[in-house]
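K.L.:
Sequence:
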Amino acid sequence: MTDATTASLSAVPPDDASTAARPSSWLTEARTFVAAVEKICRTDKGARAALRRGEGKPLDSPGVQGMHKIVAPLLPPAALYDDDTQRAHYAIAAMIAAQRSDAHTGAPAPAQNEQAASPAPYGRSLGLTYAAAVSSGGQDGMRESAAEDRLNLLTRQSINGLHRHLPAAVRQLCGKKCPPDWAQMLVDLRAWPRDRGRIGRRWLQDFYRARRAADLEAAKKADDQTEAQPPADDA
Numbered sequence: 009m010t011d012a013t014t015a016s017l018s019a020v021p022p023d024d025a026s027t028a029a030r031p032s033s034w035l036t037e038a039r040t041f042v043a044a045v046e047k048i049c050r051t052d053k054g055a056r057a058a059l060r061r062g063e064g065k066p067l068d069s070p071g072v073q074g075m076h077k078i079v080a081p082l083l084p085p086a087a088l089y090d091d092d093t094q095r096a097h098y099a100i101a102a103m104i105a106a107q108r109s110d111a112h113t114g115a116p117a118p119a120q121n122e123q124a125a126s127p128a129p130y131g132r133s134l135g136l137t138y139a140a141a142v143s144s145g146g147q148d149g150m151r152e153s154a155a156e157d158r159l160n161l162l163t164r165q166s167i168n169g170l171h172r173h174l175p176a177a178v179r180q181l182c183g184k185k186c187p188p189d190w191a192q193m194l195v196d197l198r199a200w201p202r203d204r205g206r207i208g209r210r211w212l213q214d215f216y217r218a219r220r221a222a223d224l225e226a227a228k229k230a231d232d233q234t235e236a237q238p239p240a241d242d243a
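Letter by letter, the sequence shown follows residues 9 to 243 in my numbering.
Accuracy of the hints is not assured; some may be wrong.
Stated by the list, open to error - Lysine-lysine pairs mimicking PhoX-like chemistry, simulated, CA-CA at most 25 Å apart:
#1 K65 to K77
#2 K47 to K228
#3 K53 to K65
#4 K65 to K47
#5 K53 to K77
#6 K47 to K77
#7 K228 to K53
#8 K47 to K184
Quick caveat, the hints were computed from the structure, so don't treat them as lab data.
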């Protein structure tokens, strides 16, 4: 067995019953990578600018050359044998750097803090992020139909199409103050070439389940408010 084959096999996260209750090795690696990139973006403006210049660009394009010094030391060993894995890490690093500082610096939102320490096997999917953007309401909220359309568009993409569409989708979510779970997005992007059907299904299922739960909660609150109102006086 060649070194490349061994690395490829070892890179696949285990999916048996013994590991179902804890994060996959990929998610653990992704959280470490994201934390390192976020720290760099907070503390080194020049490095952040170099990462940002690579957003949406192929691995071997001139705009990505400045990223190698920053990203290469952070890559997991398996990435050295897999262009898709490298591409996913570079893409996430560039998208993190491209957002406003408050999307990746300072104290994370409570949900992100909880997820960082969570033993769950999955992080927050892109479907849940879109559902949260809809539920935020007000000026920062996203129309449900717009979120649904964008999510359906993303799930239909090849790996090249997903890399092409994700930067704009992420900017939109961050603009609504609902940044994605960068680590889970990295895992999904890394696995997309061979598992896009399952990942896309999870995004859509998470979105619709979350929206259904939000609608039920809103209806319950409306009913509670109605019941709490004093009865009208008879004329």
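K.L.:
Indicate, hint by hint, whether the structure satisfies it.
P.N.:
Hint check:
1. K65 to K77: holds, 16 Å
2. K47 to K228: Cα-Cα ~42 Å, so violated.
3. K53 to K65: Answer holds: K53 to K65 is near 20 Å, not above 25 Å.
4. K65 to K47: holds, 23 Å
5. K53 to K77: holds, 14 Å
6. K47 to K77: Answer holds: K47 to K77 is near 15 Å, not above 25 Å.
7. K228 to K53: violated, 47 Å
8. K47 to K184: holds, 23 Å
Violated hints, in rising order: 2, 7; the structure is consistent with all others.
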